[in-house]
Each structure stands twice: as C-alpha cells, then as structure tokens.
Amino acid sequence: MISLQARLSAGLILALATLTILAVAIGGYSLRRIAENFVAARLEHDLETLLAALDFDADGRPQLATDRIDTTFHQPYSGHYYQIETSSGKLCSRSLWDADLALPPLAADRTIRAFVTGPQDRRLLLVGRTFRIQNQQNQQNQQNQQNQQNQQVTIAVTEDFTPVDAGLRRLLLEFGLVALTLF
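With the working numbering as the guide, the letters of the sequence shown map in order to residues 1222 to 1404.
Hints are computed from structural coordinates only; laboratory data are not their basis.
Do not rely on the hints blindly, as some may be mistaken.
Unchecked claim - Now the in silico label distances, taken between C-beta atoms and shown as ranges: (1) Trp1318 to Phe1259: 22 to 28 Å; (2) Ala1323 to Val1399: 38 to 44 Å; (3) Thr1241 to Ala1320: 38 to 44 Å.
Note that CB positions come from ideal geometry on N, CA and C, so glycine has one too.
Input sequences plus hints: build the corresponding full structure.
Right, here's the structure in full:
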C-alpha cells in the first residue's frame, strides 16, 4: 500500500514535469513566431525598396537601380535573395548565382509569407507580393501623348532562416537542460 505522502509527491512531480514541458513548448513557439515576424518585417522593407528601385526600359523590360539595393543581394549565396517577374522579363539577385526560386502563388491583395527551399537546400523565409503598377512610356506622335500601361509585377525576397532555427533549437535545449537540472 502506497502512503498518501508518496502519492501526493508523485502527483506533484508529474504536474511540475507537465508544466515544465508545456512552458518549454509554448516558449519555443512564441520565440519562433517573434523571430519569424522580425525577419519578415525586414523582408517587407526590402520588398518595398526593390519596388521603389524598379523601372522599365523603352521595351517594357524590368530593370533595377542597383545603387539602391543592399549589397548582400550581390554576394553569391549570401542567404538574401530576390526574384522579380513581369510579363516581359525576370530579374534575379546576383546572390542566387544561377539558381531560381520556386515561388508559391502570390496574390495582389496581400503580402504572402512562406518557407521555401533555396540554393544549397537552405530553408528560406520568403515574403512576396504581386503588384499592379502603371508604366508610363513617352511616345513621339503628333500630339506627344503619354501611353499608360498596367504592368503586373511579382516581387519575392527571401532570407536564410537556417541560422535562426539553429539558434532557437540551441536556446530551447539549454532551457530544457536547466529545467531538468532543477528537478
């Protein structure tokens, strides 16, 4: 027959272990969401910068003012990539080297956030959106009128999330070990 004290102690240990596991799980999820939101906010800023630097040549092909783009997009396999697609051409960051990003379907009404596999099988956080912009081209005719064209532009920017994942796993492991030593 087990004493009342032994049953209460076993119940208390079980309850504390359950609460500790729950705290680690909820804390890990919360930290991951905070990290993901932080990186996504930075990527949204990069997306807006790319949109502002985007222009079209006389033939309607997209081009970027490279002096307005962060240098990490020029370093091969830096973990920071962009891809811009229009009906008349595609631009990719030099950091992609010769790879392409597999883009999920992007909507014009909202910014999409997704994880994709990038160069060197790295896990990338992608932020993308499709924009409808007006491209004004000067045409020389008798009345010197401007012709406005609607151009659909899809822009996606990514960042390597692998180091963030590794840091979060290490932090949760350390937290779990501390919790385990307290038992």
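Results of checking the hints against the structure:
The hinted range of 22 to 28 Å is satisfied by Trp1318 and Phe1259, whose Cβ atoms lie roughly 27 Å apart. At about 40 Å, the CB distance of Ala1323 to Val1399 agrees with the hint of 38 to 44 Å. Between Thr1241 and Ala1320, the C-beta spacing of about 43 Å keeps the proposed range 38 to 44 Å intact.
Violated hints are absent here; each numbered hint is respected by the structure.
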